[in-house]
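J.: What follows is the residue order along each chain.
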Amino acid sequence: MAIAPRAAPGPDGAAPLLAVENLSKVYPGGTRALDGASFVVSRPEVIAIIGSSGAGKSTLIRCINRLVEPTGGSVRLGGTDLVRLGKAELREARRRIGMIFQEFNLVDRLTVMENVLSGRLGSVGFLASWLRRYPPRDIANAYAMLERVGLSGLHDSRADALSGGQRQRVGIGRALMQEPDLLLVDEPTASLDPKTARQIMRLIRTLAEERATPALVNIHDVALARGFADRVIGLKGGRVAFDGPASALTPAVLTDIYGAEDWSRTIRPDGEEGDGA
Amino acid sequence: MSVASPAAQWRAPPVFFATRGRQRAAIAIALLYVAWSVSTLNIDVNRALAGIPRAVDLFARMVPPDFSRGSLLAKGMAESLQMAFAATLAGVLLSVPLGIAAARNLAPRPVYLAARGLIVCGRTFHEVIIAIFFVKLFGFGPVAGLLTLAFHSVIFLAKMLAEDIENVRAGPIEAVRATGAGFGQVVVYAVLPQVLTRTVGTAIYRLDANVRHSTVVGIVGAGGIGQTLSASFSRYDYDFAAAILLCIIALVALGEWFSDWVRGKLR
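Line order of the protein sequences matches chains W and Z. For the first sequence, my numbering begins at 1 and goes up steadily by one. For the second sequence, my numbering begins at 1 and goes up steadily by one.
Warning: the hint list may mix true and false statements.
Below 20 Å or equal to it, Euclidean Cα-Cα: the simulated SDA-like pairs (lysine to any residue) are [said to hold, decoys possible]:
no.: 1; chain 1: W; residue 1: Lys87; chain 2: Z; residue 2: Val111
no.: 2; chain 1: Z; residue 1: Lys75; chain 2: Z; residue 2: Phe85
no.: 3; chain 1: Z; residue 1: Lys265; chain 2: W; residue 2: Arg109
By construction, these hints were calculated from the structure, which means they are not laboratory data. Only a predicted model underlies this, so the values are computations on that prediction, with no experimental measurement involved.
In isolation and in its complexed conformation, chain W is listed as follows (with noise of 0.2 Å):
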């Protein structure tokens, strides 16, 4: 998985996977949570975004799927614009990106299989979806995605009848299942213990990976960023303050980022973390 570190907008001029610019949020309110923040994804690598609470990671992804409306700038994903997008296309975009969430966000209530079917709601439509009458192609496609997730025979368990690490891997089968161009990944690990948040990381970018897929992960622990995104964004009062490969991230870079602070602990040597993918 030697995926090179930085992308910059390909020599060879192809057009990049996801071109965000000048992307900026200001709450009603006055809160600006984005000051005109800019990058380029143009391959398939999973990149962390780091940055101190309130520096707009949060905002910043969710105002790619325009969860949260932008109130400025583009983002472009295969060419298109999804800030211009009107409701039909909008929802046609948002199926093509899938989004993993801190909380899990599974409907407690409905089994394991449900919930992981509802990745193809986009596809489905209405009365098929409320009577849970998907296409065979999408239940194999279920079965399959539960077993590579690690939740072989789980499918009928009700969402909250599992643990912490379970949940997730529930979440993650519900974006993998739509088969997206995109993900976005907003504070995996931070409801879970060290070692889960290990697992659901290498689970995360394994499948990244697999699939050719590009993964925005927006992540609070610098060490777990390190260990497993080829690329790091650090967001600093919402704008983009550095924007290199994991291995570039120094003292000084994390200062500037956060603020100062002693992270000879957090930053080692390669290799003393042990937890490639």
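Let chain W serve as the given structure and place chain Z on it in line with the hints.
T.: Chain Z in isolation, oriented as in the chain W frame:
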């Protein structure tokens, strides 16, 4: 002898007003108002006392209850029950769209305000007032009663549903929306599972309430056992009225027991 030592005296601050003095003043004003109200009511002790023998007479004529007109009694009870069931069913069906429209987290602002306005207006009037209105429109009989109960059920169930919807976890809604799901799918996948058991519980409670209310609206002529009761009182058939009251008590108790049983079964 008090030296500059840490204060050892402490009393809890007043609950309702900023200072203890204002709290005392407010209590004094309230007591004065009650005293003045009572003094203007012209409570006539003799008149109140005269009611006592009449009450004794009335209760004496109620025993033994007269169940001989069983068919009339059964017809009234059945009519009340039918009104209650039909009104609850209509209420449940119509309250779903109104409840969704009145949920701040689902409906667009103008729709939300319109639906909330309708609910507030609907709740302003007591069942009996609505029943009088419907009796004027549709004449005496169970149709007016049914419409009264249905109207109130819609408003009540919609209000409860809207509040339940506003209390659901927002995360699943966000997640389902992010898959590209349409509005209907968001409702069916992210909202419905979260409110279903509570809504069924509320509907059962409403059925129970409708059984009770169906006995009341009859008094203004809107059908059901209430109308039979009202007629028996105006004809001084107190023994028959007593039989009706006993049946109402039994019916309401049964309704309450059923409601408790069903809601106990729900998780």
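J.: Compare the structure with each hint and give your call.
T.: Results of checking the hints against the structure:
| no. | hint | in the structure |
| --- | --- | --- |
| 1 | Lys87/W - Val111/Z | holds (18 Å) |
| 2 | Lys75/Z - Phe85/Z | holds (15 Å) |
| 3 | Lys265/Z - Arg109/W | holds (16 Å) |
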